[in-house]
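Residue numbers (numbering that gives the first Met the number 0), protein chains in the order written: chain A, 0 to 701; chain B, 0 to 209.
It should be emphasised that the hints constitute simulated quantities derived from the structure, not laboratory data.
Computed from a predicted structure; not experimentally measured.
Using N, Cα and C, we set each Cβ at its ideal position, and we do this for glycine too.
Certain hints may be false.
[As the list claims (entries may be wrong)] Some residues of chain A that are not near chain B, with every Cβ distance over 12 Å (derived):
hint: 1; residue: Q210
hint: 2; residue: S218
hint: 3; residue: E322
hint: 4; residue: V392
hint: 5; residue: T568
hint: 6; residue: Y570
hint: 7; residue: A571
hint: 8; residue: V582
hint: 9; residue: I625
hint: 10; residue: W658
[Claimed, not checked] Listed below are the simulated DSS-like cross-link pairs for lysine-lysine, each with C-alpha atoms no more than 30 Å apart in a straight line:
hint: 11; chain 1: B; residue 1: K35; chain 2: B; residue 2: K148
hint: 12; chain 1: A; residue 1: K558; chain 2: A; residue 2: K595
hint: 13; chain 1: A; residue 1: K282; chain 2: A; residue 2: K354
hint: 14; chain 1: B; residue 1: K158; chain 2: A; residue 2: K558
hint: 15; chain 1: A; residue 1: K507; chain 2: B; residue 2: K35
hint: 16; chain 1: A; residue 1: K507; chain 2: A; residue 2: K562
hint: 17; chain 1: A; residue 1: K562; chain 2: B; residue 2: K49
hint: 18; chain 1: A; residue 1: K267; chain 2: A; residue 2: K356
hint: 19; chain 1: B; residue 1: K49; chain 2: B; residue 2: K70
hint: 20; chain 1: A; residue 1: K356; chain 2: A; residue 2: K404
hint: 21; chain 1: B; residue 1: K70; chain 2: A; residue 2: K512
hint: 22; chain 1: B; residue 1: K49; chain 2: B; residue 2: K148
hint: 23; chain 1: A; residue 1: K354; chain 2: A; residue 2: K512
hint: 24; chain 1: B; residue 1: K148; chain 2: A; residue 2: K584
hint: 25; chain 1: A; residue 1: K512; chain 2: A; residue 2: K470
This is what each chain is made of:
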Amino acid sequence: MIRYFRLCWLTILVAYSLDIHNATGQDSIATKNLDAVIVTATRSERTLSELPVPVTVVQGEQIRSMGSLRLNDVLAEQTGMAIVTDHGTGVQLQGFSPEYTLILVDGEPLIGRTSGTLDLTRIAVGNIKQIEIMKGPSSSLYGSEALAGVINIITDRPSGTNGNVTARYGTNETWDLGGTLNYTKSKFGLYVFGNHYRTGGYDFSPEAEGQTVSPFSNSTFQSRVTYGLSERTRISLSGRYFYEKQENSTNVGTTTDPVVVNGTGDIKDWNINPVITHKFTDKLKTTFRFYGTQYSTNSLLTYRQDGGTYDATYFDQTFYRPEVQAEYFFNERNALSLGVGRIWESVEATRYDDKMKYQTNYVYAQYEWQPLKKLNLLAGARFDDHSAYGSQVSPKLSVQYDVVKSLAVRASYGKGFKAPDFRQLYLNFTNSTVGYTVLGSKTVEDGILQLQEQGQIQAMLADPSTFGDIKAESSSAYNFGFKLNPFQRLTANLNFFRNDVTDLIDTKAVALKTNGQQVFSYYNIAEVYMQGLEADVAYVFNTGLALSAGYQYLDAKDKAVVKQLEAGTVYARDPGTNLTRRVTKGEYGGLLNRSKNMANAKLFYEHAETGWSATTRIIYRGRYGISDTNNNNILDADSEYVDGYATVNVSVAKTFGRWLRLQVGCDNIFDYTNKTYIPSLPGRLVWGSVGLTFGGRKSSEK
Amino acid sequence: MKSVIRMNALLLMSLALCGTSCDDSDDAAPKAQPLKASEVADLDATSTGKYTFYSFADGAVVANADSASSKWDIGFRGTTLILNSGVSGPGSASGQIVDGIFEEIAEAPAAGYAQDTDAAKAILGSSGWYTYTGTASVPNHAILPNAGKVLVLKTAAGKYVKVEIISYYLGNPSTNTAEFADLASRPASRYYSFRYLYQPDGTTNLEATE
C-alpha cells in the first residue's frame, strides 16, 4: 500500500501539468471512482480503493453534465444528503443539521456561519475538480464542526495553456457567466477563475409584499499560482474573493395597514492560502500551510415612506491559521502523519459589545498500518485546546479487511465535536418588546450580577456555580459496511451507521425577572441519536452509459422524548373523540425536518465520437415532519408531516470538436412545488448554455 | 286447563311476593353506588359578563342568582375557569391540574390544591388547561384543550372530583378537519364539553367502578 503513496505523490506532481480527469468516455464512472485520488481521508493523497474509510467522490465532469451552478445544486442529488433552508441554504448529512458538517475548499474551512448554517449558494462550481464527501465524525483530523462529516471541494490546478468561457441563461432571469484561464510554462503554473451569477428570484405569493426569493447577484474570483522550486519543493498560492448583493422588501405592518421596509444586504469574503511542500528524503515529506480568511455581511433595512432606519446589522469574522504537517513513511506498510497548528479567530457583530477573540492550539497524529496484505488500519487522534471552553480529544479508528478480491468489509469508530459558537458564549440580548433576556455562558455571571444590582431579578432558577460551565457538543459514531466489486461493471457500497450525540446546547431558564419574564442561558442539555443505513450501486452498461442509484434509511430521535414515551407520559388528543390517549413509542416520528427514506437514481450517457451526452436524474425525498400541531411537543400525527416528493432533472449536451459545447437542461421537469411548506423549491427551471474553449491543447490529449 | 294456569299464576305471584319481602340479607351491608363518569355537552359559557356556574354534586348548572352561595363549584366564562374559593366565591373549593389520563387517575393527590387569588386563578388557562394556537399552527386561532391534563378539584363542600375538558366548541367537533380550520365554517366557541367523576363519599378515591 505504501508503494501507492509514493506513486500517488508522483502522480500528483505530474497531474499538476496534466488534467487526469478530463479523459474521454472510455473510462466508466465506476472504475474512475475506484482509482480516484483523494486527500480528505488522511490530509494527503491516497487512492480511494485503499482507504478503510467510505468517501463519496463527485467528479467535476459529472457536475458539468448535470449543469449545476452552485454547490447546493450538486449536493442535493447525492445519496443521504438533503438541502435544508434555515438562515441560509445548508446541507443535512446523516440526519445532522448543517452546522455539524464542515465545508472545506482545498482542505481549508469556509467561515461565515452567522447562525450555524454555511450558505452553500456562496460556492460556484465552475472551478471544481472533484468533491470529496467523507461521512462520519472526522474531528480527529479537522477539529470542530466535523461531526456529521466533511465535504472537501478540490479546485482545479493549473493545467496546460488554455481558456474557457461559459454563458448560461435560464428561468427566473438567472444568468451565469464564467471563465477559466490556464497558463503553464515549465515549472510555473497559473489558474484563474471568475464567475458572475445573478437571478431575479421568484414569488409564490404575489399578493404579499416582497418575493419568496428576492433577486440577488454575486461574483467569485479565484486564482492559484503553482511553482515547482525544485524536484523536492513545490509552492502554491491561492486566493479567493466573493461578493454578493441582495435587495428585498417586506411588510412589517398588517395587510390592512402596511408598513413597507426596503432592505439591502451585502456579503464579502476573501481567503488566501499559501502552501509549501518539501520532501526532505524519500521517506519524509512536510507541508507548511497558512490560511487567512475574512467574512463580513452588512444589512440595512429602511422604511420606504421616509427612508428612516428600521434595522441595521453587521457581522465580521476573521480566521487565521498556520499549520505544519509531516508525513513519514517507515516502509511499505507503515506511515505516520503528524500535524500542529494554531488558530486565531475573531467575531464582531451588532448586539455584541466587544470584539470576541479566541485562539485554539491543536495537534493531531495519524498512523496507517497494513499488518497483513488484506488488512488495512487507520488510527488517528487530535487534541484541541480552545481559549474559551474546555479542551477536546477526538480519536478515530478505521479498519478494512479484503475478504476476497470482490468483497471488502469496513468498520470504524470515531468521535466528533462542535465548539460552542459565539452566540452560545457571548450573547447579551434583551428582547425589548417581550422582556426576556438571553445570556451566553461567558456573559451570564456578569449579566446576572448586573441585573441583580438593577433590582430586576425576582428569583434564581439555576445554581450559580454552574455558570460558564459549557462544553462542546460531541458525538460518537460507529460505522460498519461492505464494499462489493463482483465484476468490473458493478460496484456497490453498503454502510450502517449509528451516531450518539450528547451535550447538545440549548437554552434553559436561569432566573426569573421582576417583569415576569425569564433569563435564559446556554447549557449542554439534549441527547439524540441518528442511525440508519446507506446503499450505493453503480453499474456500467457499456462504454458511455452508466447507471447509479442510492438509498438512505434514517432513524433520528431525541433520547429524552424516547424515555418519556417509554414512561408513558406523552399524550395526544384523539382527533375523533377529542379524548386524551397515550402516545406509543412507535408513533414517534423523530426529529423534525428529517426524512426516513431518501433515494436517487441517475443515468449518465456520453458518446465521445459524436460529442453527444445526456443525463437523467430522479431525486426522491420521503415525507418529513414540519411542526407539532397536536401540541404535545413531539412529532407524531400525520398532519405534522410534509408529503414526500420526487424531482426529475434532465440535461443534454453536444460538443463540437474541442472548442464549442452547447447544453440545455430542465430541472424539476414535472414542476413539483409545495408553496406553503417548501418555499425554497422553485418550480420547473429551463436553461441553456454555451461554452467556448480556446488556447493550446492540454497535455493529456493527443 | 284454565284452572291450572290460574293456579300457576297465583303460585308465581305468591313466590314473587315472598321474594321481595324476604330482605333480611339486604339490611346487613348497603350496596356501594357504582362510580362512573358523567359527560356534559355544550355548557354555554358565551356570556361576556356573567359566569356559568356548575355543581358536581347536583350534576347541573346553577343559576346566577346563587353566585354568592356555596351551591356551585366551578364557573365558566369564555376561556376563564373559576372555583368557588378565595376571591371568586364564598366556598372552600380548590383545585390543581394533574398530568395523566382521566381513566387512570385513581387517587386524588393529598396536597397541592390552590384557590383563586387576585394574582392568578387556581386553574390556569393558557399553559394550563388549553393552548391557543394563534397563527403558529393549523388550525389557526383555536383554543385546544391540552392532552394529558386532568383537573382534580375539591368542591365547595370538600368532596373530590376529577374533570377533563374535551372541547371548547359547540358539538365537540373534530379539530383536524378542513372545516374546523376554516374560521368561517368552524362551530361556535365557548361551549364546553367535559366529563367528570364525582366522589360523593368524601374520600380521595377517584377510580371508576364500571
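(message) Could you work out which of the previously given hints the structure breaks and list their numbers from low to high?
(response) Violated hints (numbers, rising): 5, 6, 7, 8, 9, 13, 14, 15, 17, 20, 21; every other hint is consistent with the structure.
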